[in-house]
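Novice: Please model the complete structure; the sequences and the hints are all you need to start from.
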Amino acid sequence: MPLSGKTRFALGAALLLPLALAGYGPLLTPGTVPASVHSDLLAEHLATKRALYDSLSRGEGMPGWRADQFSGAPARVNLQAQYAWPLDAPFWLAPPERAAGLSLFLHPLLLALAFAYLGLALGLSGAGILWLAMCGLFSPKLILAMYAGWLPHLPGIALAPALLAATIRMTERPGPRRAFELGGVGLLLSLAGHFQVAYYAALLCLGWWVAGLVSRGRQGERRQWLRAAGLGMLSLLGVFLLSAWRLAPALAELSLLSRAEMDWDFFRSGPLIAPLHLLTLLHPEILGSPLDAGGADVELWETAAYFGIVPLLLAVVGAMLERRRPGVRFLTAGFAAALLFSLDSPLLRLPYHLLPGFGWFRAPARMLFIAALCGTALSAFGLEALRARLGRLRRGRLLSTLAMSVLAALVAGEGIGFARRYLAVVPQEERLPRPAWVEALPPADHHLAPYRVAPLGRHILPAGWAARLGLQSVAGYDPWNLRHYLQYMDILQHGRPEGGARVWLDLERIQRRDLLDRINARYLIAPAALDDLPGLRLLGRFLDQPSFVFYQGMIALPVWVYENQQAAPRVSWAGELRAVADEEAMVAAVLQEDLARTTVILGGPEDAPADLASPEDALRLVSWAPGRLSIETRSQGPRVVRVSEVWHPGWRARLDDRAASVLRADLALMAVAVPAGAHRLLLWFEPPGEAVGLWVSALSAMTLLAAAFGCWWRRRALG
1 MPLSGKTRFA LGAALLLPLA LAGYGPLLTP GTVPASVHSD LLAEHLATKR
51 ALYDSLSRGE GMPGWRADQF SGAPARVNLQ AQYAWPLDAP FWLAPPERAA
101 GLSLFLHPLL LALAFAYLGL ALGLSGAGIL WLAMCGLFSP KLILAMYAGW
151 LPHLPGIALA PALLAATIRM TERPGPRRAF ELGGVGLLLS LAGHFQVAYY
201 AALLCLGWWV AGLVSRGRQG ERRQWLRAAG LGMLSLLGVF LLSAWRLAPA
251 LAELSLLSRA EMDWDFFRSG PLIAPLHLLT LLHPEILGSP LDAGGADVEL
301 WETAAYFGIV PLLLAVVGAM LERRRPGVRF LTAGFAAALL FSLDSPLLRL
351 PYHLLPGFGW FRAPARMLFI AALCGTALSA FGLEALRARL GRLRRGRLLS
401 TLAMSVLAAL VAGEGIGFAR RYLAVVPQEE RLPRPAWVEA LPPADHHLAP
451 YRVAPLGRHI LPAGWAARLG LQSVAGYDPW NLRHYLQYMD ILQHGRPEGG
501 ARVWLDLERI QRRDLLDRIN ARYLIAPAAL DDLPGLRLLG RFLDQPSFVF
551 YQGMIALPVW VYENQQAAPR VSWAGELRAV ADEEAMVAAV LQEDLARTTV
601 ILGGPEDAPA DLASPEDALR LVSWAPGRLS IETRSQGPRV VRVSEVWHPG
651 WRARLDDRAA SVLRADLALM AVAVPAGAHR LLLWFEPPGE AVGLWVSALS
701 AMTLLAAAFG CWWRRRALG
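Quick note on the numbering used here: the sequence shown kicks off at 1 and runs consecutively.
Among the hints, erroneous ones may be present.
Stated by the list, open to error - Quick list of the computed label-pair ranges, beta carbon to beta carbon:
1. Leu-591 to Glu-616: 30 to 36 Å
2. Pro-569 to Ala-424: 29 to 35 Å
3. Gly-357 to Glu-632: 45 to 51 Å
4. Val-210 to Arg-654: 30 to 36 Å
5. Gly-270 to Gly-413: 30 to 36 Å
6. Ile-286 to Ala-336: 17 to 23 Å
7. Ala-89 to Gly-637: 22 to 28 Å
8. Gly-637 to Gly-535: 41 to 47 Å
9. Ser-630 to Leu-56: 17 to 23 Å
10. Ala-717 to Gln-224: 41 to 47 Å
11. Ser-215 to Thr-401: 31 to 37 Å
Derived by calculation from the structure, the hints in this document are not laboratory data.
Please read these numbers as outputs of a predicted model, since none were measured by experiment.
All C-beta atoms, glycine included, are put in the ideal place defined by N, C-alpha and C.
Specialist: Here's what the structure looks like:
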């Protein structure tokens, strides 16, 4: 008696889950974190998730603003935060160090399901579908991405096969149900933190539609494919409308980011691969491994094309023997094209200049994820060709089953070994210790007396540690950073803005002390004595302090902790005002003025105060939280309050019971004009475009539900 589809699915899941535990089980070990010294998880994403967990613990929902790095920055607007991604739900429920393992563990299972869905769309047999699920579960490319801690990339990698599957199913049988399938996959992808792999997968889907349109046009069947294209566009529109709550504020902020200055050099930044790297199709470590001694700079997650030696051989078999089956020629062409455009060559200028959005992403070697997708899908056709030929032999069914079992065992065995090699874990205290020098700082009662620390050098306060230690740093590591703050820090260090898209912000030197004092940098953390800087009080010297060096590992170094007695408080009265007309003039003014005495205002208040603050004037910070300040003022005349928070058009102000204007001050900070008398000033951060986006998403969701109900009712009425 043949097994039902649900039974086969249950049996497949029952097989895959124990295999997943065998390969990825160490990630679930309590009290551990990934051991990788190359992991963005440790350097960036745990801190991002800490902002989420702390905000939820306070009962405030997803955070709008975070304070642990860059002297403060938007939180949920940052797409890389991906707070709404379903497989990141563990970060909502537990501290990020405890939640990370489970979140990582779920992604191979999702990729297995996505490949099974692709097998169904390609018309494969049950054995072929199970094979694809197995290959997805132990995808070397996914394992390497997990090793690199690429949380924002994992959703795109895991859902890329599902996007292709939904596209294929739409073109084969266009209709509302298939449109909902495609839209559902697209909606999940819209929750990802990085869209690069999803964008490449969308190009692959576009290629499928174009190839099909040309083929069907020759057969006189274009109408079906044009209908599929129309429904696909509606699905895409629906995804954008439903995602407006997330995409609208991100797009509104785009011009503020350092990445708005993207160019050809930025596009080619990161590891570039040459034809020699295609040898990694045969073995991922043929050109070296990051785990080897001296291999710290081998970025295998970027440069390796490997998707399994058994799948590679079967892909060759499938491309040769099954080329007449639907989809095989397309997958073969997609595999070749992805390999070609992953290489650093002049050909990259074609898609860079011709394809909208292609130049938004750096490191085109990531096209190798699409090559792995196509190659893995081809391997299922190769498996079916092998099984069909074995089936014609005597005892063919037994031989076919035996061959399938042996090949699956080879893939599972290699995958389990590869996962355990690259996804090793260590105790949390080994990777995330608490240095003794932190105890030299006063208790971080940021609600009443917030302060920032200025770490000199990248390694003195490793990226991602400030959030865990309860500190607010002027440095940081995140691709989603504000250009004007980076310009401010450039002037602080070098006396001039340097510009360009960057990921790291390190404080290496201090050329403009007034700019350092202005950002509430009350404590300096240094790897050596700072005898040449006035106004510092040594709080302690600590030897052999633990630190983490990205791409290297744990080190010990001496630490000097100083109090900066010249640091401005978080709120203060402005000095002499200098109004400027535009950002260029503001940069010039900041280069000229001493910000200890002068406040540079963009535009300036209409009734600029003529006098400076007097001793009788009072200014008190009543409460502070990330993205929210409450201030009491009392002055004998109109004044300007300087606020040492990073300016963003999302900051709002209310003076007593009326709205007030938030002024941009000193290039990267803020100010608010207040009249004479006693007043209560409230400042809070609200991402621009978010309210409109929420309304658009809500109305779109109601429209979609009404349309779905209408389709259901119509089908029910028709029987």
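Novice: Each of the hints needs a verdict: does it hold here or not?
Specialist: Tested hints:
| no. | hint | verdict |
| --- | --- | --- |
| 1 | Leu-591 to Glu-616: 30 to 36 Å | 34 Å, holds |
| 2 | Pro-569 to Ala-424: 29 to 35 Å | 46 Å, violated |
| 3 | Gly-357 to Glu-632: 45 to 51 Å | 48 Å, holds |
| 4 | Val-210 to Arg-654: 30 to 36 Å | 54 Å, violated |
| 5 | Gly-270 to Gly-413: 30 to 36 Å | 32 Å, holds |
| 6 | Ile-286 to Ala-336: 17 to 23 Å | 20 Å, holds |
| 7 | Ala-89 to Gly-637: 22 to 28 Å | 53 Å, violated |
| 8 | Gly-637 to Gly-535: 41 to 47 Å | 30 Å, violated |
| 9 | Ser-630 to Leu-56: 17 to 23 Å | 22 Å, holds |
| 10 | Ala-717 to Gln-224: 41 to 47 Å | 25 Å, violated |
| 11 | Ser-215 to Thr-401: 31 to 37 Å | 35 Å, holds |
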